[in-house]
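Peer 1: Sequence:
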Amino acid sequence: MKKEFDATLTPEELAWLKTHPDQPLKANYEGPVKPQPKVVQSAFEAPTTFTQWKMEDLQYGLELVSSPRNPLQRDFNRGQRMFSKGQCYNCHYMINKGGGFGPELTLAGNSFSAEDLLIAILEPSNDINSRFPSTLFEMKDGNTVAGRIISEDGERYVVQASYDPATAQDVMKNSIKKRQEADYSSMPIGLVNTMNREEIMDLLYFIIQVAGMDKDSLNMTVFEDKPIFEKGDSSLIEMISFSNRGNIHYTLDGTEPTLKSARYQAPFFVKTSASVRAKLIDGKTSSKTIVRQVHSVNRAEHGLDWKLYRNVSEPFKVASNQQPDATGVAYQIEVRSIAEAENNFEIHFEGYLQIDETDDYKFYTKQDDAVKIYIDNKLVIDASSRRWANDSATTTRLTAGKHRIKIEFYDNLSFEYLDIEYEGNRLSRRQIPGDQFHRSKPAL
19 MKKEFDATLT
29 PEELAWLKTH
39 PDQPLKANYE
49 GPVKPQPKVV
59 QSAFEAPTTF
69 TQWKMEDLQY
79 GLELVSSPRN
89 PLQRDFNRGQ
99 RMFSKGQCYN
109 CHYMINKGGG
119 FGPELTLAGN
129 SFSAEDLLIA
139 ILEPSNDINS
149 RFPSTLFEMK
159 DGNTVAGRII
169 SEDGERYVVQ
179 ASYDPATAQD
189 VMKNSIKKRQ
199 EADYSSMPIG
209 LVNTMNREEI
219 MDLLYFIIQV
229 AGMDKDSLNM
239 TVFEDKPIFE
249 KGDSSLIEMI
259 SFSNRGNIHY
269 TLDGTEPTLK
279 SARYQAPFFV
289 KTSASVRAKL
299 IDGKTSSKTI
309 VRQVHSVNRA
319 EHGLDWKLYR
329 NVSEPFKVAS
339 NQQPDATGVA
349 YQIEVRSIAE
359 AENNFEIHFE
369 GYLQIDETDD
379 YKFYTKQDDA
389 VKIYIDNKLV
399 IDASSRRWAN
409 DSATTTRLTA
419 GKHRIKIEFY
429 DNLSFEYLDI
439 EYEGNRLSRR
449 QIPGDQFHRS
459 KPAL
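All residue numbers for the sequence shown refer to the numbering used here, where the first residue is 19 and numbers rise by one.
No lab work stands behind these hints, which were simulated from the structure alone. Hints should not be assumed to be uniformly reliable.
To be verified - Restricting the straight-line Cα-Cα distance to at most 27 Å, the calculated cross-link-like pairs of lysine-lysine (DSS-like) are: (1) K396 / K380; (2) K396 / K424; (3) K390 / K325; (4) K195 / K249.
As the list claims (entries may be wrong) - Restraint ranges, calculated between C-beta atoms of paired labels, are given here: (5) K289 / M190: 29 to 37 Å; (6) D232 / I137: 51 to 59 Å; (7) D134 / M190: 35 to 43 Å; (8) F287 / N361: 34 to 42 Å; (9) R457 / T412: 18 to 26 Å; (10) N339 / G230: 19 to 27 Å; (11) E358 / K289: 27 to 35 Å.
The structure presented is a predicted model; accordingly, all values stated were derived computationally and were not measured. Glycine residues also receive a C-beta, built at the ideal position from the N, C-alpha and C atoms.
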């Protein structure tokens, strides 16, 4: 992450940071990105699987990547995280940062289809970009050096290594036995083999959507590197304007940003659960509000237990003694990471909801296909027959303390989606923070 961030700085800014490591880069700026402990960073990622993906494995539904039936069917932010996970920033410049070893990809979606992009990722040597050739040096000592020549003089070549574009190596001409153009791409194969199918689709969606951003309009987005993180860790928030006018203003408490709200200047860390709302404002006009929720949780205490039931023939008829097909813990209410691209299943979430202040709370759901929510064994939302409805909402009075909550979600065919928000008289509408869910109720 530090390398990615440093790539966005000017040489002058990098020099300043080297000589003034304890001073801010600019007013109200916390300084460069600092690497977080690796064990914490990966704590909430889905279990890593390894699949040697082939084109025929991923072709189904590829035509829907560019134009999904519903915009929520694809996850732009997860696509950006996959761009980072696949180490694409190391070699490719995208939007506002990245390397120069390979072609810039900011506008790639204008020239290439989802299928073209996928082929280039899975089989990079099939069509080598002539502007980014790789050279193979056979050395007199028996070693081999491969990379891209970035400069030369009478004595040496300076070669950029494909596996680490941030470093360059001097190759002395009098030590070379043979030099030839490589017949393979410098781009490694298998970069998406630790992603699942839907993550790869989101990666393609991200690349295509970036190219379509209208710079004449007020378009912006917000990236978070970790939607869920352990207490004591943090999430890096980065806001991107695709326009050449206006300023981004944001809030962290879920309220609507205005010109009086904080103005975004540089990436920053959030160390607690937050509802990030941002808007690009230019005079009296503004972009739509972008909302991102980050969840700071204690894995030993927070979250809801979930159970997955497959091959459900009739919704909301799962017997109480039926054994689930899979179980786990969720730190935010969503279903795609549990049963992505499956059909005819139910997920049951159970635990306790912490309410900090006695008030009337309004709960909202958006779902595909159906959901029921029980609080203290009382049915408060019944959206059991509403496929991709507008917000289902209900208001209920809750006292301060922990309340038993059960959420039953059912999906029949195709796309699955669930989002739950709440608001109170003194609480702006937002996703329920992960640290408000508990798996057990403490003894009185």
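Peer 1: Starting from the hint list further up, note which numbers the structure goes against and sort them upward.
Peer 2: The structure breaks hints 4, 5, 6 and 10; every other hint is satisfied.
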